[in-house]
Amino acid sequence: MDLKEKLVILADSAKYDASCSSSGSKRKSGNIGNTSYCGICHSFASDGRCISLLKILLTNCCIFDCKYCLNRRSNNIKRAIFAPEEICSITINFYKRNYIEGLFLSSGIIKSPDYTMNLIIETISLLRNKYHFGGYIHAKAIPGTSKVLLNKLGKLVDRLSANIELPTDNGLKLLAPNKSSNKISEIMSYVNDNKSSKFVPAGQSTQMIIGATNESDLDIMNRSKDMYNKYKLKRVFYSAYIPVNKDKLLPTINTPPLVRENRLYQADWLLRYYNFKVSDILDKNNPNFNLLIDPKCDWALRHLDEFPKEINKCSYIDLLKIPGIGVTSAKRIISSRKYFSVDFKDLKKIGVVLKRAKYFITCNGKYFIDNNNFKRDFIEYNLMLEDKNNNDFIGKQMSLF
Amino acid sequence: MIYLYKESFIDLLNLINYLLKNKIQPENIKNEFYLKTLLEETYYPFIEEDNGLCDRMINKIGIDSFTIIYYVFLSNVNDKELLIYKFLLNSLKYKDKIKYMRNIDCVSKCLKISRYVKHEAHKFKGFVRFSELNNCVLYSEIEPENNIILILSNHFKSRLKNEYWIIKDNKRNVISIYDKNNFYILDGNNIDISILKKKDCYEDMWKAFYNTIGIKERKNDKCRMNFMPKKYWKYIVEVNDNEKSDM
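Protein chains in written order, with the working numbering: chain A, 1 to 401; chain B, 1 to 247.
Chain B extracted, bound-state conformation (with noise of 0.2 Å):
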């Protein structure tokens, strides 16, 4: 049988709780978007809300694993809901050691995944390139492979405190905006720019600055690549056109 739970976290843990409770194995679980083939059953049980769960489960689990979980579900991995389960029932044996525990599968899968989003939002968080509107508001498109907007989003909020932004997720068609008080997460549709846009003498200067900071008898084109992969180089407005072009 196919678990389904409705889109959040919360709801996830909620959904997990519940199949733990009643001792029941699951083949595997999936958000209600989730579409079967024939040979599938699923089953959206109803769940009443448990406001207490999260700090229950903190305090049972502790504080380390509990992040885990979260970013391995902010993670674009197939399966991550079934690994996060398996993880919690672990956690339930292992306690606070479980992240010690790499011999068991899930929980070295659960670390490397959270491992991985955490370094994605972290580059982000240097790739990001906001273009500032002619209303003076900074705005910037991402297609990360993880839904890491809203870990962007509060790194934004203590560094450009005092500037109104967007960050647009076009992957998941999710814009973060935020009033210089508090950021929104919003469906994709709500906003359009295009007429907002203008030319932007900074950027010219960047690319300038761009182009003249590498040194020519050490270009290095892999170490480059390395570093600043090429799925990234879309919204990066420093990277030559032509170069984008290649890819």
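Just chain A, same shape as in the assembly (with noise of 0.2 Å):
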């Protein structure tokens, strides 16, 4: 087998895993490469994910049997395994041709998790020592390694995750029997308790599947909301379930549900930098997202009695729940009306879309139109009508890589 076959088929074997950022890391030059704190995305695939880390497998052998993954010890695939040399010579020749921003590094687990660890950390110090390499580094923790081979690791990466898989204890064990949730647990607390500059710089991060079991939206962003309280975690990743084994326990879908991910996506943002909490968007009532409307307009529309805003007075964190106004526009917002009352057409030259601000704002007391339109029909009508034609014209899903 040469290596060009090699990499076809662990690279196939490791594209479901939906982190490629390599942000988060300042890494001074080595003989080659460096990181950038804010990171750089090489190229866009087919799917219009980004492409900015070498993203393969040491090896797509695996002694699990985990229903819904390729690699499972049970299905009849091509398998391969690298030499840790091949993996260097092609991140450093990568990286020379500016194809790559570094190596996302994961593995099917041979023989045992510790064997899998040392393989995976022989690779990545002989890029480190032999080769110096300064680039940006995202390996997998296996579950169920030790703490002394964890330690190691974390201090040749920028980054180390370890997916919890399914949003619940209950889904893992249906269709992960052979891992735990304690074991990936352990990894992140240890992560976490020793994060420093020189251990998982970047920090760590976590994947869920998203429709492979039946949780509500509610349960997930719960989930959610306590690995980042828990583990400080950089990142949930999301990814929408694509059947690629056939099993009793599986579900039978078609297509992969994809505006529910871009759902997961936007409202885990709200967590993380817009001051929301999980049961503002969600609760018992409502536990899943509406798939038509964003979680923010959603709420905003549920809480018309706060609407319309005044730009010219109203605080950061309420500038924030305008829908259509980010961090960007809101620090701007707030940076201009210092020197200047702030109106419409000051909004536009401010850089802030209006597309779906307008509806929930007023500048100077003024609405975009006559104030009696300020009602929640005319405003729920005329956002889907943007959508729609948003959606016929761009496809604005997924930009969240």
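In case anyone wonders, no lab produced these hints; they're calculated from the structure.
Take the hints with a grain of salt, since some may be wrong.
[Stated by the list, open to error] Have a look at the derived ranges for each label pair, beta carbon to beta carbon:
#, chain 1, residue 1, chain 2, residue 2, range
1, A, 287, B, 97, 44 to 50 Å
2, B, 8, A, 313, 45 to 51 Å
3, A, 252, B, 231, 40 to 46 Å
4, B, 94, A, 317, 44 to 50 Å
5, A, 259, B, 235, 33 to 39 Å
6, A, 147, B, 231, 48 to 54 Å
7, A, 5, B, 235, 26 to 32 Å
8, B, 221, A, 372, 39 to 45 Å
9, A, 275, B, 52, 46 to 52 Å
10, B, 235, A, 364, 34 to 40 Å
11, B, 63, A, 65, 58 to 64 Å
12, B, 52, A, 228, 50 to 56 Å
13, A, 285, B, 63, 36 to 42 Å
We treat Cβ as the ideally placed atom computed from N, Cα and C, and that holds for glycine.
Got two chains here, each in a separate frame; can you build the complex from them with the hints?
In structure tokens form, the structure reads like this:
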């Protein structure tokens, strides 16, 4: 088997991992390579996702038999394994040609978790110590591995991640009987307790599959919130379930739930950057997202008594609650209105996108059209109309990787 | 009257300094290669070089504003010189508060343009594709909208510090050539690499990787195009040739 064929097999097996970000690390230049704190996307794949890292498995051989996974033991597929030097030569040569920002190395589990971890560590220490590679490295921590190895690996990489795979423990028991959520949370708390500029400087992330089991969006968001609080995760990735195996325990679907996945990312953003709580967006009576309208608009429509908000007076936190206004816009509004009073024309000059925002604000007491139109029906109808046009012209989904 | 300056950013600053000092309101400002129309009048004032000008200006208007006008200068926007002149005029009044005065037309325009240039430079830090020549030099061609070769050179100077590399901007016909120590910006006619090209197995592997990594159930061309617009595809080797030919 030549190197190219191996690469294809082991990239194909790795592609379902959603994470490809290369941000959060300030590694100084080595013999070759450095990192950019904000991350750099080098290409975009046919599915529109960013390619920043060489995303591969060390091997797709696996002793586990997780129902949803392409690489499960019981599947009859081509298997391959990279030698550490092979991974180094592809990484360095891709990096030199500016194809990638670094390496994302994951692996199926061969022999034992510790045996697999040792191979990953051997590869990455070759890259760092023999080739003096200073680019970004994201590695998977194998559940069940020893703390000594976790410590070794954490000192070599920029980011570590351990996937919780499914949103609830029951789901995991059902579909990934060889994995246990204890082992995954052990990794997360170890990384969180030891994080420093020399140990996993870019922090940790995780991923869960959406739609393979029957959790509600509320369950999922609560799980995310707990992990953000407890382990200070940088990101939780949501991955719409794509059927690659047939199994009576798996749902039969034709298209992956991409809109739902998008809603989860939007809500995730609201939690992390917009001061929203899970209970603001979802509750027992509404445990799932409205697929027709984004969570922030949905929230605003249910709380119209708090609107319209006056751009020249309302607080930063209130500005962030306005649909269509993000962190950048809110900051610009705050700094601008110290020096002049802001009207609709100025908002455009400031760079605020009014498409959604205009329905929820006043500038010096004025609504963008006659005040009598500030009614739920009118706003909801127009928002849906804007969305429809939008979806027709640009595939705006999945811009969050 | 249209005022002319030689070519560089420093020359433009010197000219604007001269205009402000003499309280002249120019109709427009252009570099010396400007082709005037019949009805236009141009004037190329002799200005003595003023070495301390940049430092004095940074002191006066702040480094943030200075960076903004530098990025505007690198842009491909028509009449950018006049915008810079107006921005500087306003800076004298508002000092470092200028960046918040987005209700002033030239300010909101300059901020927008500088962001656009910065953004394009950031994208190209990812989109530059080097190929290895048979003398081990890494070689790349680009055609960005704005003049970002200097920004890119600084980026690759620290990233690929132990490699020889060349970046060629085909739109402006300039090259940046790096000798493991410093980079030099030269006229594009200085090099010819046609005999040095070789078949590269890593380029083949990269194309194979690219074609594998996308998930076909999630195919989304519009999304890909939003992030990686067609105008940049020409030198992005992994985009399939048959897709490029649809351009």
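Exercise. So which of the earlier hints does this model not fit?
Worked result: 4, 10 and 13
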